[in-house]
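Enquirer: Residue numbers (my numbering), protein chains in the order written: chain A, 1 to 291; chain B, 1 to 68.
Take the hints with a grain of salt, since some may be wrong.
[As the list claims (entries may be wrong)] If you anchor each label on the Cβ, the simulated ranges turn out as follows:
id : chain 1 : residue 1 : chain 2 : residue 2 : range
1  : A       : GLU33     : B       : PRO22     : 35 to 45 Å
2  : B       : PRO8      : A       : ASN282    : 48 to 58 Å
3  : A       : LEU275    : B       : ASP45     : 49 to 59 Å
4  : B       : GLU4      : A       : PRO64     : 39 to 49 Å
5  : B       : ASP45     : A       : ARG232    : 34 to 44 Å
6  : A       : GLU40     : B       : PRO8      : 30 to 40 Å
7  : A       : ALA65     : B       : GLU35     : 37 to 47 Å
8  : A       : ARG67     : B       : GLU4      : 19 to 29 Å
9  : A       : HIS154    : B       : GLY38     : 46 to 56 Å
10 : B       : GLY38     : A       : ARG19     : 22 to 32 Å
11 : B       : ASP45     : A       : GLY36     : 27 to 37 Å
12 : B       : ASP45     : A       : ARG19     : 12 to 22 Å
13 : B       : GLY38     : A       : VAL193    : 36 to 46 Å
14 : B       : GLU4      : A       : GLN32     : 19 to 29 Å
For the record, the hints were derived by calculation from the structure and aren't laboratory data. Note that beta-carbon positions come from the ideal geometry of N, C-alpha and C, so glycine has one too.
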Amino acid sequence: MTDSMMVFDRRAVRAHRDRAAATIARYDFLLQEVAGRLIERLEDVKRDFSVALDLGCHTGGLRPALRATGKVGSLVSCDFSPAMVSRAAGPRVAADEEALPFKGGSFDLVISLLSLHWVNDLPGTLLQIRSALKPDGLFLGAMLGGQTLKELRHALAEAEIAGEGGLSPRVSPFADVRDAGDLLQRAGFALPVIDAEILTVVYPDPLKLMSDLRGMGETNATIERRKSFTRRATLLDGLARYRNAFGNEDGTVPATFQVVYLSGWSPHESQPKPLRRGSARNRLADALGNS
Amino acid sequence: MSTESVDPKLLEILVCPLTKEPLRYDSEHQELISERAGLAYPIRDGIPIMLPDEARPLDTDSSGKVAP
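Bound conformation, chain A alone (with noise of 0.2 Å):
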């Protein structure tokens, strides 16, 4: 994926967001479970932060349990959408990951839960976190990454070839691992971590999954998605190939979310770094024990 490539309508990511926004905590268990991990994964750094960012807040689902760590003073959220933003408590703003409206060196911790996947630029918007964060500052962030439904992608694509003869993108792209770590690196940030894990979510049948999504306001926002309703028949047949293909005996189906975990403190003198070539004082060949 090139750096200039615009995948996602960003207009659509937002109103898919807006139009979930009432009704989302009856959908946000996915949003729930990776916050939990993420939660935990700040937990494992013994700092406090004192001013945090919580960039992509969706209804502001984060901040009790950021609260409950006791690491975190202060907390600003921030989302896209405005709908979605309106419902979270204390201090509030709405702005597009693509565009950061923060001074820089505002926060001590930026933590972002599965909303960077949405965003084109993702360097630009790692370089813009960074700068956002005060030196030896964190971000922590929870996007998902490639494997994430690979199954609808697979019966969804193989329906629309059988059924009209082409194709067109039905499940948003994401991000690799690889690139991730990547991205963070070229950004500036420093001991740069990335880590990958799967979830798999079992669905009573493959409508309720796609209800589910489109309740989180994740349903495709990619610029090439046809713009008129998937046909019936394409669609239908697409689900029963989902069923076919990877359901279980009992008519239950299972739907894998990728989650990539990215982790990176502005740069400060105080941190570990590589010493510069050529400073070394002692000889390879002296600590190998041959002269």
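Keeping the supplied structure of chain A fixed, place chain B upon it in accordance with the hints.
Expert: Just chain B now, kept in the frame of chain A:
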């Protein structure tokens, strides 16, 4: 008019998302003004809406003064 007022500490750290320059707070109209970008970002129910799409373009008259 909004019933809720904007958090003063939040105002201190906000800049224009396009120019990254400081904003002028118009408490009467509940707007955050970015002269350079020519935009007034609305504050709704105490929530600054820092989205250029939602901002009001500023009109400048011949004297260079900003008219409402």
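Enquirer: Which numbered conditions among the earlier hints are violated in the structure presented, ordered from lowest to highest?
Expert: The structure breaks only hint 4.
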